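Protein chains in written order, with the numbering used here: chain A, 1 to 110; chain B, 1001 to 1734; chain C, 2001 to 2122.
Some chain A residues close to chain B (C-beta under 7 Å, calculated; not the full set):
(1) 20
(2) 27
(3) 51
(4) 52
(5) 61
Calculated from the structure, these hints are not laboratory results. Fair warning: this is a prediction, and the values are worked out from it, not measured in the lab. C-beta: ideal position from N, C-alpha, C; glycine also.
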Amino acid sequence: MPAKTNKTPKIVNLSGALIIDRASALKDELVAAFAESSQVLVSLSLVEDLDLSCLQVFYAARRSAASTGMDFHFIGTVPPRIAKRLATTGFLDGMPERAEDFEAALIDFS
Amino acid sequence: MIDKFKAAFREEAYELLSQLEDTLLELESQPKNGELINAAFRAIHTVKGSSAMFGFETISHFTHEIESALDQCRNGTLPITKDFIGLTLKARDHLKNLLEYDEPPPPELVAFGETLLVRYREFLSGGHGIHPHASASSPAGSGSPSTAKQGAIEVSPSGGPTGAGGARASDTFAKGGDLSTWRIFFKPKADIFTDGTKVLNLVEELASLGEAATYAHAESIPLLEDLAAESCFCAWDIILTTAKSENDIKDVFIFVEDHAEIRIERISEEGMDEEGRAKRLGEILIERGLVTRADLRAALGSQKKLGQVLVESKILSKPEVDSALVEQEHLKKVQDKTEAAAGSIRVASDKLDALVDLVGELVTLQARLSQTSLELKDVSLASISEQFERLIAQLRDNTMSIRMLPIGSTFNKFRRVVRDLSIELGKEAELVTEGAETELDKTVIEKLGDPLVHIIRNSLDHGIERPDEREKAGKPRKGIITLSARHSGAYVLIQVSDDGKGLDRDAIYAKGLERGLIVPGQEMTDNELFLLIFAPGFSTAKAVTTVSGRGVGMDVVKREIDSLGGIVSLSTELGKGLAVTLKIPLTLAIIDGLLVRIVDEYYVVPLSSVDGCIEIHASELRDLGERRIISYRDELVPFISLRSVFQAGGDEPEIEQIVITNSQDMRVGFVVDQVVGDYQTVIKPLGRMFRDVEGLSGATILGDGTVALILDVNRLAATVQREAGRRIGHGGER
Amino acid sequence: MPKKILIVDDSAAIRQSISFILRQEGYETVEAQDGLEALTMAGTLTGLDLIITDVNMPNLDGIGFIRKVRELPAYKFTPILVLTTESQGSKMNEGKEAGATGWIVKPFNADKLLGIVSKVAG
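Isolated chain A, as found in the complex:
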């Protein structure tokens, strides 16, 4: 993907259940976001459920961003329900609430 120099961050507010039915659309949404800005910020604050397919999309986005010198971060808070799920399934160390702590605690994310 071409590295844009646009410094205005693109904020992606997600809500509802991020499950497999939405995985493709989520991927497309993030690809589009990177086309708009080199800094993509995702808020999970209103997300009710997160399954493996959509989590994989975030990992992939982070890796793409890192490989092209762009930024991909979470902002806001992470619903405890989601943190708990990821902690139980081995993706998250602890149950952080703030997005930046969440990012740091995600296994193999950064």
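Guided by the hints, dock chains B and C onto chain A, whose structure is given.
Chains B and C only, in chain A's frame:
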């Protein structure tokens, strides 16, 4: 609720059967019509499936083979003949009859069903070509000559009672057992999402089976552009410590077995070093097959941390090391918990006993303080006394909880007994334990050791049969002895049960007579009779064995359990096994009691066995005459006057109280002059002079310093029951 | 929001008892008596979290129904459980191949049913 469904099932089954009738009649004229065959199959299939669901086992069993036959008609391997249709119509009528009954239907109906099934089996084994004129009423012939020729189709026999019994026994076996730690690797195939499988749910389900540490491998997730969003790229290492079996773990993956790579291995405890410390990282990595010993030796030479060295030297990836570290941490945590459970502070037990004594003195002193402050009517003193009372109650509970130990600590000893003894006796047996975590007072646990050994030995020696005998009786060669413990109110129930031959009522009765323990013609309840095996000098073993046939041992059990204030009961079924249940009070030292008075003597009745109190007037007592039975909560309860039991003398007051107690599942009343009230009491052993007084289990010191005696309700109740029985037996009844 | 489950079986007794057990646990249920009716319902309903279907049914059987319903975009990933009897080992595989998530072997009790439902529908 289930009845509602049963009614719905019947209604539906009748409808299906009437449809089946129509279908079969149509088939007669167009036997090649696939749609009709399908409809017939579906009708039978639905009846079969729903009958099993609603508990109509006979119907479900009966329809099974008809379904198989129709399935073959459907596949064209079995031709539809007039005879076959005739038979199936008969089967349909039979099903209709069966529906009239709840399980089990009348035996003659079941037997008739079997004759129909025999006919079906003939069809299935290819007999249809040979007996075109066979009718349903003809007796079931043996296999036709062509059976061997066309015998490609086999109907699997339904599991007989023997098979079912064996399966149950091994289930129990799997259920017992201690915690194990498992290393589970789970890597779904990329297309796992496409059939609706929710992968994270599976990992969560697995984690819920016990104490789990989970490491997710996310390293294969590609860049966003390359991501197939509907594919799975992750894998998991899950370290699970659980009491569940390997099969329980496999069950989590039951729907994805063919859609994932799954490895389940038990983590050996040998990896612990001599001090029992958790494994080293290097050992875990070797076990996982990630590094060789040589790699390890090379890496250990460095000053840096092992994991770091291995990653830096590119022998391992960071996720591989991190995952192993998660395992190491988990093992450490589990071990810490186990140690905490085992109680890691050691205190000499006499110090603990001394503490309990002191607390007991405090409780006694507190009672005096309350009483004094009441008498003085001093408000500030009363307030101090109340606070004091609360604190002492807490102190008492805490002290007692220190003395509580999980009974499991003694279970290992019994496992050894079973192992050694079964070898000595030439038997095969396994000890299964349940409720190892049940806590009991330390003193009680110590005193339980010997009785339990005796009971287990008895089970092995007299209960469990020799392997060949067991096989003949349709049991698995290996006998199972189950030792279980659980709380029940202020008691702990400890049960030793075996799947051996059980007690033979007649043999025990005969032996009881021979030993002079019972008189000819004596009526006894099963429990009373079976308890004879605990009588001194009793043994039904034909030959005296060195193990438990000496007739000492079992009477020791009874004595020890009595001294603990416990109750022994037995239940047995000839040929099926024996269960000995010990009901033991949680603690010995301090009890809650009901203080009662007779003349100027005080007695304590343990509150746990008190059901209630009622008043009785002297006139009512006179009316009863010799019959000492009153009605209490619609039950006739025998009673006895404690005044006469302890020869207290003095005159009965005009109104007396009867304390109704409940022991060994029977109610007995004790007449006293006055019920004083609840009383918390410390039990002191009885002095020498009281040792021979039956019906007392200890003594306590009251607030004012006087001594009160503690009633042994179980023993007194037995006396009362005996007296009541004698009175009824020898002339009471008109 | 309670999870919504579609139960497909030509036996009203089985349908109703499954439905009863699930409702007791707070699930919402809808029922169809064969594959054809179920397919029509799937087309009009939204937000189904799970489908439980029998195999042998008139008009459209369970396997056929699963194949058809999986073709609808909204049901590409919906968990589907097949009701089967022990004598039909091959049906489990056939069901999985058609796109089922798992199966429930008849006869079953409430605990087993609820265990499997929560396993696949979460």
